[in-house]
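Go ahead and model the full structure; you've got the sequences and the hints to work with.
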Amino acid sequence: MRRLASAAKAVVLAAWLLITLFPLYWIVVTSLKPKPEIFSVPLRYWPANLTFEHYAELFAFADFGTYLLNSLLVSLVAAAAVTVIGVLGGYTLARFAFPGRGALMLAFLVTQMIPLFIALGPLYLLMSDLDLLNRLAGLMLVYVAMLVPFSTIIMRGFYERVPVALEEAAQVDGASRLAAMVRVVIPVMLPGIAATFIFAFVQCWNELFLAITFIDSEDAKTIPVAMNSFITQYDIDWGSMAAATVVSVVPTLVLFAAIRRYIVEGLTAGAVKG
Amino acid sequence: MRTFTVRRARFIALCLLPGVVFVVLFTYYPMVRGAVIAFQRYNLFDITATPFVGLENFRAVLAEDRFWTALRNTGTWVAVSLFFQFLLGFGLALLLRRHFRGRGLYQAWVFFPWAMSGFLIGLLWRWMFNGQFGVVNDLLLKAGLIEERIGFLASPGWAMTSVIVANIWYGVTFFAIMIMAALQSVPGELYEAAAVDGASRLRRFWHVTLPHIRPTLALIVLLRIIWILNFPDLIYAMTGGGPAGSTDIVTTFLIQQVIGGDYGRAGAVGLLVLALLLAFSIFYLNATRFEKAR
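Going line by line, the protein sequences match chains A and B.
Using the UniProt record's numbering, you'd call the opening residue of the first sequence number 1 and step up by one each time.
Using the UniProt record's numbering, you'd call the opening residue of the second sequence number 1 and step up by one each time.
These aren't lab readings, by the way, just hints derived from the structure by calculation.
Don't be surprised by glycine CBs; every beta carbon is placed ideally from N, CA and C.
Worth double-checking, as some hints may not be accurate.
List of simulated lysine to aspartate or glutamate pairs, EDC-like, C-alpha gap at most 20 Å [as the list claims (entries may be wrong)]: (1) LYS35/A x GLU53/A; (2) LYS35/A x ASP138/B; (3) LYS35/A x ASP237/A; (4) LYS142/B x GLU37/A; (5) LYS35/A x GLU57/A; (6) LYS35/A x ASP235/A.
Reference listing, derived: stretches of chain A covered by chain B, where coverage requires no fewer than 3 residues with Cβ under 8 Å from a Cβ of chain B [to be verified]: (7) 86-92; (8) 114-121; (9) 142-150.
Below, the structure is given as structure tokens:
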């Protein structure tokens, strides 16, 4: 009976793994098939001829290199800013009682609950007023705003796990508050900080609607914007689309795998605490 | 926690300033402006005059069939997605609760959809649900479940089912991880006590586990409802709300208004969505007696 149960468990787990992984496998295989094979019936589950032509096409004709650099630049800068702001804000929220702290937390939490799309139109107007349309800088600013509440709240959670005694000891030894924070607390929190940075990076890397609203010029497109315009311009060229998907998803998968533990910890700690 | 003095106040203010400035300028200000625009005639392609028109935008939106279809679809989209994400997620969480060899690796693999954007997932499934060359059709044919290919995304009857299937695929693991964490928060002594009393596994689950994790579940479910409602990316990539509005939800409808340049109506839809969310959250928190449960 016991053995039967654990066998059943293994089967269910394996089935779910298969269901989760198959779509990824399928997009990779599609990206490696020559065109006639992509559009042939019966389908080939294992490509007869492997080709990298879709990847070559992507970079030769679609200028994917530019989009890749744009996405990289926007995501790196925004994520760095988000992390620094979160490190500062989270510290004060974790370590001080001050008037308005609860209200501020609430104001940050609320932004996570309501649809960003409500503000999409007015954000466009604001970007236009500030002359930031079609500029990567504009995108960075909005992404920072979008992610600051999350990074601040999650940083606060990480700080609360670091004993206050640690920095008090440093301050007794004559370090200023800032020095104590930088030299004693932050080293302990490095994994959490890295996780926040990567999480923010991935969010920016993936973001679609703000980008397609603000960016329209070829040289400022990010990857999602470019992929979106593939759809509307032509009947979808699935070979290139599959290749584009693979290119854009690989970095996120690698990064995410690296920080999964911290993100899960951070999110679940928040949720379980209520 | 330390007390409040003037010198500290300056430090606190300096640390918080950047975050507050960003959020006020790029989140709250646009939101307030959006709320104001909802009462104006505001079309991006003709902004020479933007007079206040009272409730006209709301009237126009509420008079549109497409809005009501979107509203009904939103109900289906959220309820069905949530139901299966929760059920399958709970099951997976129970299976993953105990340590076994390779659990960490397993989690890492099944967690990966969560790292992908909704847009990419939409594209992925759009390709898999393709009427002619889609692998889903092929597998169903091979299994003898269907006789001929189905135009999953082209037929209004199938499109909603298809986007929901994709959404379930996306959301199960994340749900599982959250519920797993909740399960692990149940103190072991409670089980021991129940076991001493001779309670069966099922009874222990029902009388010990469930009551203990109920508040957490209630919260996770609410967050997920809001989140699924705010998740048009997948639908946008798979069907764009079509065919014939059959996969429109309120958020894709809102985005169409923005793309169409009618910011007045977009603002009105936004406020309606917000009111709906708020009303639902209050109702929900009352229904689950959330405060008391804590």
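Do the hints match the structure? See the list:
1. LYS35/A x GLU53/A: 9 Å, holds
2. LYS35/A x ASP138/B: 18 Å, holds
3. LYS35/A x ASP237/A: 9 Å, holds
4. LYS142/B x GLU37/A: At roughly 19 Å apart (the allowed maximum being 20 Å), GLU37/A and LYS142/B satisfy the hint.
5. LYS35/A x GLU57/A: 12 Å, holds
6. LYS35/A x ASP235/A: The given pair, whose Cα atoms are some 14 Å apart, holds under the 20 Å limit.
7. 86-92: holds (count 5)
8. 114-121: Our answer is that it holds, as 8 residues pass the Cβ test (under 8 Å) against chain B, meeting three.
9. 142-150: Held - the segment 142-150 of chain A has 6 residues with a Cβ nearer than 8 Å to chain B, which meets the minimum of three.
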